[in-house]
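*Asks:* For this one, chain A is given, so just place chain B on it according to the hints.
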Amino acid sequence: MKKIILITLFSVAALFAQTETINLTGKYSEQLGNPFKRVLNTNKTETKNIFSETKDVVLKVDSNLENKNFTIKNQHPNSIILKNKSVENVVEDFYSEDFIVNRAADNAVAVNILKGSVYLTYTNEEENGALIGVEVKLTVSVNGKEKEIVMDQNVEKPVAYRGHVTADDFDFNKVSLTETVNEIIENIIYKGLK
Amino acid sequence: MKNLIKYGIIVAFAFLFTGCMSLKFPVNNNVQYLKNNVETRYSKIDKKSIIIIKKETGIITQEKKLQGGTVKQIVTVDTKIADNASKVFMEQYFSNVKFGNESEKSFIQFSMKLKDFNFELNKGYTPSFDLKLNVIVKKEGNLILEKMYNESTVTPALLNQVKLWKMSHKASQKEFISESLHLGLLTILETKVKPDLLKALAENN
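Protein chains in written order, with this note's numbering: chain A, 1 to 194; chain B, 1 to 205.
Chain B on its own, in the form it takes in the complex:
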């Protein structure tokens, strides 16, 4: 009888530790991640006004079961990050950039909305995000660009030894994932959206 109780407790403990494990990665808005990582040396255009249309803010959640269902991974992303990334990106090239709404007069109205995402922490701890972004640009009131971007971005840990070192400290893992999304958005803006935007502006000049 005594043994039975002992085994019972052991089994109960086993369930306790394996059954309800969850990993939470909240990706919070942090403008500093963006500001620290943009180019500041370009000579800017000061006479054209740029308005970044703020989208209704919210949180997008992704839940996933890992390791055969024993671990639950919950990632939440603040959609405000996309607005801030757009603003910081534009501020590299224009000095007159502010948040506003569609009724305000401006040279360019730019909006980028994060529709959906998928997060994976790959082998070697390289965080990767698949992002679905909707970009709408108006020039002097006329629509010149509307496009859905489905892009994935990766922060390769191998290329980033210092960050890999940081990853070994659990506390900064969340920060690293958060920063990774901020940088990912900037990367997409620079490498995918910028060429399309330049083309659209040249065609509608």
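Looking at chain A on its own, in the form it has when it is part of the complex:
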């Protein structure tokens, strides 16, 4: 009897399984590299075309909590949809340091996300199941060349403040999970272009 109730509960939970959508804006990637070059418009004469396909990439969200802890598991989405077209916003940030960037398909640098996944790490139940880790794995294709890149919430900050934090970094509640995943994805794409 107990089993039946549990199974029913889980199937109800499955019905409510959420999905969230990420549209990359370049908010994080515009801080990478030498952003002053981009802002001050220095010595730019050459142009570069960039292109990303219009498609949705589904990132499956997994965690270290097995189904047993269903209340916490239900707090995070089962999958996150990444709008591949918005990758152009990150690619533009990368190339606009040295080039005038156009969004056109011909003769373009084609950057697409082929597949990916998200892995969440929670503390155990005694510690209230707090979220302590977000890891994103993406396969990025740059002009047909594939790269698989894994990065966590610490991203690849410049050495200056690696391991050094401000008060904001401690507060996971301040930023939502999708926001954190968004930041990691922008960092991954930027790295993939280097």
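Only true hints are included.
No farther apart than 16 Å at their CA atoms in a straight line, the calculated lysine to aspartate or glutamate pairs in the EDC-like style are these:
#, chain 1, residue 1, chain 2, residue 2
1, B, K47, A, E97
2, A, K37, B, D46
3, A, K27, B, D196
4, B, K147, B, D196
5, B, K115, B, E56
6, B, K113, B, E151
7, A, K37, B, E203
8, B, K138, B, D196
9, B, K199, B, E146
10, B, K147, B, D116
11, A, K44, B, D46
12, B, K44, A, E97
13, B, K47, A, D98
14, B, K113, B, E146
15, B, K44, A, D98
16, A, K37, B, E91
Under 8 Å between C-beta atoms, here's a sample of chain A residues computed to sit facing chain B:
#, residue
17, Q31
18, G33
19, N34
20, P35
21, F36
22, K37
23, V39
24, L40
25, T42
Since the hints were derived computationally from the structure, they do not count as laboratory data. Each residue gets a CB set at the ideal place from its N, CA and C atoms; glycine is no exception.
*Replies:* For chain B alone, coordinates are given in the frame of chain A:
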């Protein structure tokens, strides 16, 4: 009588050892802490001149009583560190950066002054600084950014096992705290000041 003198001496000793304990943490200026910890791979802008306005130098002292007043903690910070941090930060992106004064012509005039601070050595020996910084930026003579930053920075020992090991050696504890402030200033410049500066530059282009 003999006993009385004995107890008297013991009591006197007890006062001697508990009454006047003080911990001194002088945070001295060390450019190497900054230079060792910045990004050097960026391609730099060479045609724009940047001048870092040196602020009048001085020492800011913070005195605190710990453990119910038995231990006095004195932290002194050399305000020159903020000037050096600004210069090293800018040198990541521009190749023409030097110290100067307000009358000198330049593309950007940048100044960051340390107004006040609060230091705490938390449990687990994570040094944390609350910093009050005043940033003023002029572009070709026009004021484009003026802001007071109240930020706290922490060097989490847990994330930094090697440094935690260093902490167990008393002599390097002072160095570690000193380095922690240097890195804290760089962190604030990178994560808080840079986005504001970029926005201000884009708006006044």
